[in-house]
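Novice: Below, each chain spelled out in residue letters.
4 protein chains.
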Amino acid sequence: MINQFPVSTKKIEFFTHNGFRKILPNGCTAHQALAPVILLGQIFSIMPITGYFHSHGPLGLKFKMKSIQLIYSSLTMTSVLSIVIMFLIHSIQREKIGLNSAGTLIYYIVILTTMIEFVLLAYNWRSIMIQWTEAEAPFLYGPYATGKGVPLESLVRRVAFTVTLFAFLEDTMNFLSAYKLNKLHIKQCPHASDFWYSFYHREHPHIVRLIPYHPAVGVVIEATMRVAKFTWNYGDMFIMSVCLTLQRRLQQFNDGLERLAGTEQSQVRWRQVRLDFLRLNELIRMLDEKLSRIILMSCANDMFFISVQLYNIFDVKPTLFTTFYYWYSLLFLMGRCVLMLYITSSIYEESLKPLRLLRAIPTQNWNLDLQRLVNHVSLKNSAFSGKRFFYITRSLILAMAGTIITYELVLLDQVAKDKDNTLDCNY
Amino acid sequence: MINQFPVSTKKIEFFTHNGFRKILPNGCTAHQALAPVILLGQIFSIMPITGYFHSHGPLGLKFKMKSIQLIYSSLTMTSVLSIVIMFLIHSIQREKIGLNSAGTLIYYIVILTTMIEFVLLAYNWRSIMIQWTEAEAPFLYGPYATGKGVPLESLVRRVAFTVTLFAFLEDTMNFLSAYKLNKLHIKQCPHASDFWYSFYHREHPHIVRLIPYHPAVGVVIEATMRVAKFTWNYGDMFIMSVCLTLQRRLQQFNDGLERLAGTEQSQVRWRQVRLDFLRLNELIRMLDEKLSRIILMSCANDMFFISVQLYNIFDVKPTLFTTFYYWYSLLFLMGRCVLMLYITSSIYEESLKPLRLLRAIPTQNWNLDLQRLVNHVSLKNSAFSGKRFFYITRSLILAMAGTIITYELVLLDQVAKDKDNTLDCNY
Amino acid sequence: MINQFPVSTKKIEFFTHNGFRKILPNGCTAHQALAPVILLGQIFSIMPITGYFHSHGPLGLKFKMKSIQLIYSSLTMTSVLSIVIMFLIHSIQREKIGLNSAGTLIYYIVILTTMIEFVLLAYNWRSIMIQWTEAEAPFLYGPYATGKGVPLESLVRRVAFTVTLFAFLEDTMNFLSAYKLNKLHIKQCPHASDFWYSFYHREHPHIVRLIPYHPAVGVVIEATMRVAKFTWNYGDMFIMSVCLTLQRRLQQFNDGLERLAGTEQSQVRWRQVRLDFLRLNELIRMLDEKLSRIILMSCANDMFFISVQLYNIFDVKPTLFTTFYYWYSLLFLMGRCVLMLYITSSIYEESLKPLRLLRAIPTQNWNLDLQRLVNHVSLKNSAFSGKRFFYITRSLILAMAGTIITYELVLLDQVAKDKDNTLDCNY
Amino acid sequence: MINQFPVSTKKIEFFTHNGFRKILPNGCTAHQALAPVILLGQIFSIMPITGYFHSHGPLGLKFKMKSIQLIYSSLTMTSVLSIVIMFLIHSIQREKIGLNSAGTLIYYIVILTTMIEFVLLAYNWRSIMIQWTEAEAPFLYGPYATGKGVPLESLVRRVAFTVTLFAFLEDTMNFLSAYKLNKLHIKQCPHASDFWYSFYHREHPHIVRLIPYHPAVGVVIEATMRVAKFTWNYGDMFIMSVCLTLQRRLQQFNDGLERLAGTEQSQVRWRQVRLDFLRLNELIRMLDEKLSRIILMSCANDMFFISVQLYNIFDVKPTLFTTFYYWYSLLFLMGRCVLMLYITSSIYEESLKPLRLLRAIPTQNWNLDLQRLVNHVSLKNSAFSGKRFFYITRSLILAMAGTIITYELVLLDQVAKDKDNTLDCNY
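Chains as they are written, first to last, in the working numbering: chain A, 596 to 1022; chain B, 596 to 1022; chain C, 596 to 1022; chain D, 596 to 1022.
If you're looking for bench data, these hints aren't it; they were derived computationally from the structure.
Treat the hints with caution; some may be incorrect.
No distinction is drawn between identical chains; accordingly, a pair holds when it is met within one copy or between any pair of copies.
In silico BS3-like cross-links for lysine-lysine, where the CA-CA straight-line distance does not exceed 30 Å [what the hints assert, rightly or not]:
| no. | residue 1 | residue 2 |
| --- | --- | --- |
| 1 | LYS975 | LYS885 |
| 2 | LYS661 | LYS824 |
| 3 | LYS657 | LYS775 |
| 4 | LYS885 | LYS948 |
| 5 | LYS948 | LYS975 |
| 6 | LYS824 | LYS885 |
| 7 | LYS982 | LYS948 |
| 8 | LYS948 | LYS824 |
| 9 | LYS659 | LYS775 |
| 10 | LYS912 | LYS775 |
| 11 | LYS982 | LYS659 |
Okay, chain A solo, but in the shape it has when bound (with noise of 0.2 Å):
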C-alpha cells in the first residue's frame, strides 16, 4: 500500500548507535520528538510498542507478543469489554435503552475500539517509523534549517504534557463531583450502607448488580475508569503531538523554498525542492492512512460528548461544586478538540504554502520541474481526513460549531432531562 518511489538512494547513515543526537544539527527525528508521547501512553496501557528510546532509531521499535505493555494492554482491553457486556446485560435486564444509556454505551465501545486501534498502530509503529525516518531524512542533514521557535521536541513535550495536566484536573474534579454527589446522598437517604457501597451502586449500578460490592471491585473499577477517560484523551493528544511534528517538516520546507525563491538555481536543485515535497506528501498520505480511523474516532466522541455537555450544561445542579466542574469539563472538551483540529488543519494550511512562494521565482528561472509542483499543490489535498469522509481543514472547525449549535437549538426545551437523582433512594 505503501509508495515504492524512488527516496533519496543515500544510505541512511543516521541509523547508527553512537552520538546519533549529536550530529543533527537540525533538530531531533520524528522517533524522538515522539517517544515522551508513547511512554506517556504506556504509563495508562496504550500503546505498547519497546525499544521506542532506543539508540538506533526506529530499527530498535518491537512490537513483542509477551512484553509488559502488551500484557497490561490486554488487561484494561478485557476490563473494559467486561463493563460493555456488563452494561449491555444491565440495559436489556431493565428492558430499555434510554439516550442517556446509550451515550454510556457508545462511549465505551468507542473507547475498546480506540484501545484495539492502538494496539494496531503499535504493531505497525516499526514499519510506519522507517518510512517516516526514511521520508524526513533531508530535513534533518539538508539545507532545510529547522527554523524559529521552539525545538520541536520540547514544542511536542509542553504540548502533551498540559493537554495531560488539564485532563488530570478534570478527572480529579469528577471524581470529587461524584464523591460530594455520593455524601449528599447518603445525608438524605435513610441507608444505613457503607459510603462507597452507595458511592459505586449510585456510579456504575451496571456493575454491581452483577458482581456483589467489594473493595477491590472498586479499585479495579476505579482504575479501568481512569484508563478509559484517559485513552479518549490520548487519541487527541497523540494526533495533535503526530501532526506538530509533520508541521515542522513542513515549514522547514517552506522556509527553505523561501530562502531559494529569490535566488538562482539550476533545475536539478529546483527538482530535489519538488521531490522533497512530494516525500513529504507522501509521508502525510502514508499516516493519514494509519491514523485515519483514530481521527474518525477522535472528532465523533467530541462531537457526541461536546453536543450532550452542552445539552446538560445549564441544569440545575446539586451542588456548587458540580456546577463548577461541568463547566470545566466542557470548557476543557471544547478546548482539547479545537487545539486537536486546529493543529491537524494546519497541516493542510502549510501544506498551500508553497504556491504562495512559487509565484514569487522570477519567470526567467521557470522550468518544468516548478511548473509540476504548482501543479502539484494546486490540488489542495494535502490534509489529514477521517477516513476521507472529511479533511480536517480550518472550515470543518467552523462547520462542526454550526451543527452542534444547530442541534443544541433543535434539542433545547425539547426532550425530558434526566432529573436530579442525589434524591432518589433506590439508587
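Given the structure of chain A, go ahead and fit chains B, C and D onto it with the hints provided.
Specialist: For chains B, C and D alone, coordinates are given in the frame of chain A:
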C-alpha cells in the same frame, strides 16, 4: 449520445465462439461478472433480458418482447400497479393521507418506477455491454494485470449473495413479526374470523377492502410484497456489482501505471496510457448516464426509510420479536446503504489515484500526453451521480448521515406516533 | 461594463430588410425566438418594448416613453403599488403583522420589484439584443449545425405556452375556489350583503376597508391580481426561454466541436473555436448580469411560496375543490420551479461538455489555443446566478429541496395555523 | 511573516515633504483615504495612533505610549472591563446565567476584545501602512488610471459617515426608547425614587447594585455604553473602508489590464503586469492576516445580534416608539452587516476578473508570464477571511442568511421569552 472516440482498432477477436473464457489471462469480462447478478434478479422478475450466459459475449444478449422474463416482469409490474391504485382509492375513501400512508405510497411508486427503469435498462443492456466490452478490452489482454485479491467473478458473486442472504433473513423476520402480531391480535380481540383473513385485513387493508379475501389473493399479495421488497434491495445490489466491476478496471489501470511510473517509456506508450484512462472515463460517464435514475431512486428510498425506521425505533413494540426485527431491519438497511455508497464512492477514489502516481514520473520523461492526463485527472469529475444532482463520494455519506441526524432530532417528540394497533379490534 | 472584445469584424449583413429569415440555414436568431415570449408578456403589461417582430432584427427594437406598452405597464404598477400601500395602512391600523400578512406583503413587493426590473430590462433590451445577435452570428451562418431536435423557435414557444396554460388553469381554479368558499360563507353567515361585496371583503379586506366597494373596484382588483400572478409566473418563464435559446447555441458549439475532435485542423481553425467559445461565455456573463436580479427574485419567491404552500397542504380545507386546488397549485409551483432551475442549470452542464470533447483530440494536433480553451473550461464558471450569491447548477436544486424539507420538519406542529375563516362572519 | 518579495526598486519619492498630494495623478493613497476614518474612531477612543494626517505619509505615523489617544483608549477599556466584572459578580450572586444575560456578557467581552484588537492594530499600523504604500505605488504613478466614479477619498468618507450617521440615529433612539420605558415604569410603580435613579436601576442593574447610584456614575455609564456600541459599529465600518480602498486598486489593475488586453505588448510589460497583481495579492494576504480577528469578531457579533433581535422582533412592545426602535435597529443592523460583507466580498469578485480579461489576449502574444498569471488567478484564493475559518464571498452571505433563518424557525415558539419588565416594580 455515446462517444465515437477512436477505440483501439484491434479487432475484438474475443467475441468468438470457442474457448472464450480460457484465453483471458486477466480475469473475466464485465459481461461474465454480472451474469449471475442478472440471473438472481430474474428470479424476482427484474432485468428481463436473455442470453446473458451466452458464449458469444454481449453479442448474444437479446431483449425479446415475448420472452418468459418480460412476461413475468409485466405480471409483477401490473400487480404492484394494482396495489398503488387500490391504495390511492382506499386513501381517498378514508379522506385523509397521513404521513405513514404517504410513506407507503411513496414506497410502492418508487418500486414501480425502479421496475420500469430495470426494464428500460434491460432494453439497452445489449448496447451497454457491447460498449463496455470494447472499453475494457485493453485490460483483458494488455499489460494490465488483474492484480491481487479475490477474482472479480467471485467477488461480485460473494457480495451479491451475501446481501441477498441478509435481505431474505430480513424478509422472513418481517413475515414472522407480522404473523406474531396477528396472533396477539386474535387473542386480544373477539374476532371469529380466520387467521389469514385477519392477517391480510391487518397488513393490507387497502387491498382487502376492495377485493374480497380469498387464500389465492393472499398468495398473490404475499408474492408481490416479496418481489417489491427484493426490487428495492436489488437496486442497491446491482449498483454495487457494477461498481465493483468498474473499480477493478480502475485498479488494474492504477497498478499498471504504478509499474510504469519508475521506468522510462516512449511517448507512444504514455499516449496509450492516457487513452486507456480516457476510455475508462468514457465508460464511467456512459454507465453513470444509464444508471443515474436507478441510483437516484435507490438513494432517495434508502434515506427516506432509514429516517422512518430510526423515527420508529424507540417506540415500545408489542412483542420482543418485533423489537428485535425492527433493530435488525434498521441495521441491515443502514449497512446495505452505507456499503452501496462506499463501493460506489470508491470509483471516485480510484479515479484520483493516478494523480499521485503521475507525480512520481521523473521530469526527464515528462511529455504533453502526461500533462494532458494530469489535467484530466485533476478535474476530479469521474464519479457516479444521482442525475448529477449529487456525486457519490465519501463526503456525501457524511452529508447524508448529518441530514438524517438533523431530521431525527427535529422530529424527536414532535409528531404524534402511531398507536400500537394490535389492540385496535376494528382493523 | 460590457466587453469590447474583438468581435468578428465580418459585417453583420443579416440586419438587412428582406428575406431575412429565409437565408438562415441554422435556425432562427435569439431575437426571433424570444419575440413571442415578449408578446405574451405584453398582454399582461410586462416588457414594454416595441419592434420585437421588426424585420430589421434587434436594430428595430425601441423603448418609447409614450408607447401603449409603457402606459399599460405604468398603470398596472401603480395599481400594485396602491395595493401595497393599502395593505401597509391596513396592517398598521390593526396593529399587528402576523406571519401570513407578512407573506402577502412580501409577495406584492416582490411582484412590484419584478415589474420594475422588467421595465428596466425593456429599457436595456435593444443593446442586449444587439450584443446577443453579434455573439451568436457564427452559429447562424458558420459550420455549426442546428442539430437534431425541435427547431429553437417552436421549442421556446411550446415551453412558454405550456407553462402559461398550466398557470391559467391554476389562476382559474384559484378564482373558483375563492368563489366556492364565499358561497359557503354566505350560506353559513346571516349577511344581507351582495355576493361580490362579500367576496371582496373576504379576499381583499385591506382594500375594501379603505375604498368603499363598487363593482368597478372589484374588476380593477381582479385584473391587478391576475397581472400580479402572471408577473411572477412570467419571471420563471422568461428565464426558461432565455436559457433554452442560450443552451441551443452551446449545443451547436459542442456538436461542432465533436465533429472537429477526430479530424486534423489548422491552428487557425482551433483558434476560431476558442474564440467562439469565448464569445458564448461573454454572452452568458452579460445575460447573467442583466437577468441576475430577476433570477434572484424568482428563486426567492418560488422557495418562499413552496414552503408556505407545503406548510398549509395538510390542513383540512372547507371544500373538496379547495383541497384539490391546493394540491394542483403546489404541484404546479414545484414543477415550474424545478423546470426553471433544471433548464437554467443545463447552461452550466453544457458549458462543461467541451472538456470531454477536447480530451479526445489527438496529442499531435494539440496546440496553445486548445490548451487555453481547456484551462478556460476547467474553471467551471459559466453558469447563471442570483447576483452571484448562488450559481444555478444541478446540485443547487438538491440544496434548495433539502432546505425546504428541513424548514417544513422544523415548522411541523410548531406554529398555530390559520383557522377556517368561512365560519368567521366578521370578515 | 511579511513578504520580502522584490518590490519595485524605484525609490518611493512621494514620501517627501511638499506638494505631496498634488503630484499624484491617480488619486490619493490608502494612507490618505483612511485618515478620516481613523479620526472618527479616535473620537470614540479607538485606534490610538498619531500622525495619520502627517504630510510625510505613513512614515509620520507613531504609536506613542503617552499620547492622549492611548490614555483615552485605556480609560474606556478599563471602564468596559469593570462592567464585565460587575456583570459577572452580579450573575454569580443571582446564581443564574440565563440566555439573555449570557448574550449581554458576550456582547461586552466581544467589545472589549475588539478594543484590544484595535490597540494592537494601531501598534502595527505604521508598518502595515508602509507596506501598503509600497505595494500600491505602481497604481499611483503608473499607467493604471483611477478610472471612473467617485474619487477614492470621498467614497470612503461618504460610506463611513453615512454608516456613522445611521448608527447615531440608532443610538439616540435606543436612549429615547429606554427613557420612555422608564417613564412608563415610574407611572405604573409606586416608587418614590428619582427618574434617573430608576433609569439606571432598570438599564444597568448589575452596576448599580455594586456602586451606589450617583449622577456622575450615570454619566460615566452612559459614555461607556456609547463608546461600546460605537466600537462594534466601527469594526464593520473600518473593514468596509479598508476593503473599499483595496477594491479600488484591484479595479485600477483590471481597467489597466483591459486596456492592454487588445494590444501587443513585450513580454517585459506582461511580466510587470503579473508582478503588479502579485503585489496586490500579497497586500490582500497581509491585510487579511492583520484584520482577520477583527473580521471574525465583527461577523460573529453581527450574526449573534441579528439572531437575537429577529427572535425578539415579533414580541409586543410596551410603547409604539419601542416597536419602531426595534424595527429600525434590526434593519440597520442587517443593512450594515450585509453592506460590510458585500463590500468585503467584492475583493474576491474583483480578484477573479483578470481571468476573463486574460482570455481575450490573442494567442500570438501569449507567454509564460501570462500563463503563470492565469494559474495564479485560477486558484481563486484572494479573499478576506475570518482567520481562514471562512472566506468572505457572496455565497457566504447566503449561507449566513440561511443559517439565521434556520435558527429562527427552530427557536420559534420554543423558548419562553422575556416578560414585559415595565410592570415589574422590583427592578
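Novice: None of the hints should be skipped; say for each whether it holds.
Specialist: Here is what the structure says about each hint:
no.: 1; hint: LYS975 <-> LYS885; verdict: both (20 Å within a copy, 24 Å between copies)
no.: 2; hint: LYS661 <-> LYS824; verdict: within (26 Å within a copy, 52 Å between copies)
no.: 3; hint: LYS657 <-> LYS775; verdict: neither (45 Å within a copy, 57 Å between copies)
no.: 4; hint: LYS885 <-> LYS948; verdict: both (25 Å within a copy, 17 Å between copies)
no.: 5; hint: LYS948 <-> LYS975; verdict: both (10 Å within a copy, 14 Å between copies)
no.: 6; hint: LYS824 <-> LYS885; verdict: within (23 Å within a copy, 39 Å between copies)
no.: 7; hint: LYS982 <-> LYS948; verdict: both (24 Å within a copy, 15 Å between copies)
no.: 8; hint: LYS948 <-> LYS824; verdict: neither (37 Å within a copy, 38 Å between copies)
no.: 9; hint: LYS659 <-> LYS775; verdict: neither (43 Å within a copy, 54 Å between copies)
no.: 10; hint: LYS912 <-> LYS775; verdict: within (12 Å within a copy, 40 Å between copies)
no.: 11; hint: LYS982 <-> LYS659; verdict: within (28 Å within a copy, 46 Å between copies)
The earlier numbered hints that this structure contradicts are 3, 8 and 9.
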